[in-house]
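Colleague: Chains W and L, in that order, give the protein sequences.
In terms of the working numbering, the first sequence has 153 at position 153, counting the first letter as 1, and numbering is strictly consecutive.
In terms of the working numbering, the second sequence has 216 at position 216, counting the first letter as 1, and numbering is strictly consecutive.
Treat the hints as calculated values from the structure; they're not laboratory data.
This structure is a prediction, so every number in the text was calculated from the model and none was measured.
Certain hints may be false.
Residues from chain W that face chain L, not an exhaustive set, calculated with beta carbons under 7 Å [to be verified]: (1) 88; (2) 113; (3) 116; (4) 128; (5) 145; (6) 227.
Far from chain L, some chain W residues (derived; all Cβ distances over 10 Å) [said to hold, decoys possible]: (7) 59; (8) 69; (9) 187; (10) 194.
Yeah, the Cβ is synthetic: ideal placement off N, Cα and C, and Gly gets one too.
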Amino acid sequence: MNISESRLTFVIVYITLSLLLVITLFPIALTVLNALKPSAEIVQNPLALPSIIRWDNFTRAWTDANFGTTLVNSAVLTGLTIILVCTTGSLTGYVLARQKIKRWKILTFYLLASTTAPIQLFLFPLYFGFARFGLVNNPVAVAFIYTAVYSPFAIMLLRTYFLAVPKELEESALIDGATHWQVFRRVFLPIVSPGILTVALIVGLNAWNEFLIATTFLQGQDRLTAVVSFFLLSGQYSSDWGEIMAAALIIILPIVILFVLLQRHFIEGMAGGSVKG
Amino acid sequence: MHRLYVLPTLIINAVIIAIPALLTVALAFFEWDGISTPVFVGLDNFRALWDDSVFWTALTNNIIWTLIFLTVPIAMGLLAATMMLVARRGSKFFQVIYFLPVIIATAITGRVWQAMIYSPVTGVTGLLQRMGIDISNPLTETSSALYGIAVVDLWHWWGFLCVIFFAALRQVPAEQIEASRIEGATFFQTIRYVLLPGIMPTITLMMIMTVIWSFLVFDFVYILTQGGPAYSSEVLSTFAYRSAFYDLAVGKAAAISVVISLFGLAATIFYIRAQATEFEK
Numbered sequence: 001m002n003i004s005e006s007r008l009t010f011v012i013v014y015i016t017l018s019l020l021l022v023i024t025l026f027p028i029a030l031t032v033l034n035a036l037k038p039s040a041e042i043v044q045n046p047l048a049l050p051s052i053i054r055w056d057n058f059t060r061a062w063t064d065a066n067f068g069t070t071l072v073n074s075a076v077l078t079g080l081t082i083i084l085v086c087t088t089g090s091l092t093g094y095v096l097a098r099q100k101i102k103r104w105k106i107l108t109f110y111l112l113a114s115t116t117a118p119i120q121l122f123l124f125p126l127y128f129g130f131a132r133f134g135l136v137n138n139p140v141a142v143a144f145i146y147t148a149v150y151s152p153f154a155i156m157l158l159r160t161y162f163l164a165v166p167k168e169l170e171e172s173a174l175i176d177g178a179t180h181w182q183v184f185r186r187v188f189l190p191i192v193s194p195g196i197l198t199v200a201l202i203v204g205l206n207a208w209n210e211f212l213i214a215t216t217f218l219q220g221q222d223r224l225t226a227v228v229s230f231f232l233l234s235g236q237y238s239s240d241w242g243e244i245m246a247a248a249l250i251i252i253l254p255i256v257i258l259f260v261l262l263q264r265h266f267i268e269g270m271a272g273g274s275v276k277g
Numbered sequence: 001m002h003r004l005y006v007l008p009t010l011i012i013n014a015v016i017i018a019i020p021a022l023l024t025v026a027l028a029f030f031e032w033d034g035i036s037t038p039v040f041v042g043l044d045n046f047r048a049l050w051d052d053s054v055f056w057t058a059l060t061n062n063i064i065w066t067l068i069f070l071t072v073p074i075a076m077g078l079l080a081a082t083m084m085l086v087a088r089r090g091s092k093f094f095q096v097i098y099f100l101p102v103i104i105a106t107a108i109t110g111r112v113w114q115a116m117i118y119s120p121v122t123g124v125t126g127l128l129q130r131m132g133i134d135i136s137n138p139l140t141e142t143s144s145a146l147y148g149i150a151v152v153d154l155w156h157w158w159g160f161l162c163v164i165f166f167a168a169l170r171q172v173p174a175e176q177i178e179a180s181r182i183e184g185a186t187f188f189q190t191i192r193y194v195l196l197p198g199i200m201p202t203i204t205l206m207m208i209m210t211v212i213w214s215f216l217v218f219d220f221v222y223i224l225t226q227g228g229p230a231y232s233s234e235v236l237s238t239f240a241y242r243s244a245f246y247d248l249a250v251g252k253a254a255a256i257s258v259v260i261s262l263f264g265l266a267a268t269i270f271y272i273r274a275q276a277t278e279f280e281k
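Bound conformation, chain W alone:
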């Protein structure tokens, strides 16, 4: 498939794409560059190469952002959210894909509507309610909030995977005397597992990066997520920006590595569910 053969078109196309590439990479390059510099050199010229490489930016970032605790908090919160969304979501996705959609229209529309509900619509009563029941600073409670927020997207995406499973497979298993639970576990789950991986990646990415809910519900020093801890560290009056950029890299790096390895799943999932982070 060739849309254009002209050499000039190709030149313009590659120049434009490269220009966008530079715009995209510029702030990322600045982060990497300055994470390796002493802060005095950042003030002089943020674009210059470091005269000496300051690896201790990373060790100081690790201590000051309390990453030993906060990264674990983020990982636990992300893991819990992934487990909750994938189990409850695949159960619901299975039912929605297997029922005549007319009867389940209301539920489907309700879920679609709640993907577009502003967080502020439920945040305030939820916060004061949680505060009353002592659930603030509780990562399990926050994992449930994330689950409620990310589930509709996960269900809509998983539903399309469940729909692709041939009906005959289910029917013959049922005729052979399998229960619905067995059909779900042994027939469906193995087939839809790529979909579950995609959902796990997108939900994990969102939970890891989430800011508004985490900063509202997890404020205790030992409960902060890595992102919120980074935010507080970088908000101090006298900031060492070399150290802060190092902290940023520590949070970004695991995500970027996962993304590069599994980009097809990420992009497919984002496109399928249309979520904005």
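Knowing the structure of chain W, use the given hints to seat chain L on it.
Modeller: Chain L alone, transformed into the frame defined by chain W:
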């Protein structure tokens, strides 16, 4: 009864979203500080908003934000996606790079732009100033703060649209493109009459989502300016958040949330309609 499999989802959703959302709607008619007993005040919260100039600034800013995001990132995404389709070689590589900002936490993106680009002390702006170029930090001027934030969100966001449009463009049947080439259509005619109509449903869906998201925008405003200076970059969601947690005016915050939701609801109806046609299949 395997239909009961939907129960966990429904219970979590009811406790976290549905019930608190209904409470928010009710709270909009009360005065409440979050601790003592709420006092019913009727429409007072809405009347107070009507007379509050910050509310109107925030609403205007949300509308400006919507207009920016309906045009600039969609145009950039379409341009780059079409060019990737033409280039073919290297399109995978471009796609991965353009998507990188989408996967970086908003708190990090916000701080990097603030310190490394906008800051007159540690950023590129400061460097340009020292070189004698007349440029200031957009985030500290009332006239430009909102646009300074929008640039950061644009950087973070356009790659997502580009990847979605590129995926849609590749679904346009190759025969249609071949045919238009054979018929002697120019490059731009092919884009105008074959490719764009082919991905129109995707563009429409993204525009609807843009309207919804534009009324939810929170992170970058809260991180970069907290709505300042002098409320110039305030949007409805930061206004509501500050009212609830800084001023402890939860009733007022609830009223603002109801307003945000009403704007979102209009777009949501279009969204559900667009999605519903897909579910009929």
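Colleague: Next step is simple, just say for each hint if it's right about the structure.
Modeller: Evaluation of the provided hints:
Annotation: interface hint on residue 88/W holds; nearest CB of chain L at approximately 4 Å, less than 7 Å. Evaluation of the residue 113/W hint against chain L yields a held restraint, the C-beta minimum of about 6 Å falling below 7 Å. Interface restraint check: residue 116/W against chain L, minimum CB-CB distance 5 Å, threshold 7 Å, status holds. The criterion of a C-beta within 7 Å of any C-beta in chain L is met by residue 128/W, whose closest approach is roughly 5 Å, and the hint holds.
Evaluation of the residue 145/W hint against chain L yields a held restraint, the C-beta minimum of about 5 Å falling below 7 Å. Using the Cβ-Cβ criterion of 7 Å, the hint placing residue 227/W at the interface with chain L is satisfied: the shortest such distance is roughly 5 Å. Remark: the non-interface label on residue 59/W is consistent with the geometry, its nearest Cβ contact in chain L lying 19 Å away (cut-off 10 Å). The beta carbon of residue 69/W sits about 18 Å from the closest Cβ of chain L, which is more than 10 Å, so the claim that it is off the interface holds.
With a closest Cβ-Cβ approach of about 13 Å to chain L, residue 187/W is found to remain outside the 10 Å limit, as its non-interface label requires. The Cβ of residue 194/W sits about 17 Å from the closest Cβ of chain L, beyond the 10 Å cut-off, so the non-interface label holds.
Of the hints listed earlier, there is not a single one the structure fails to meet.
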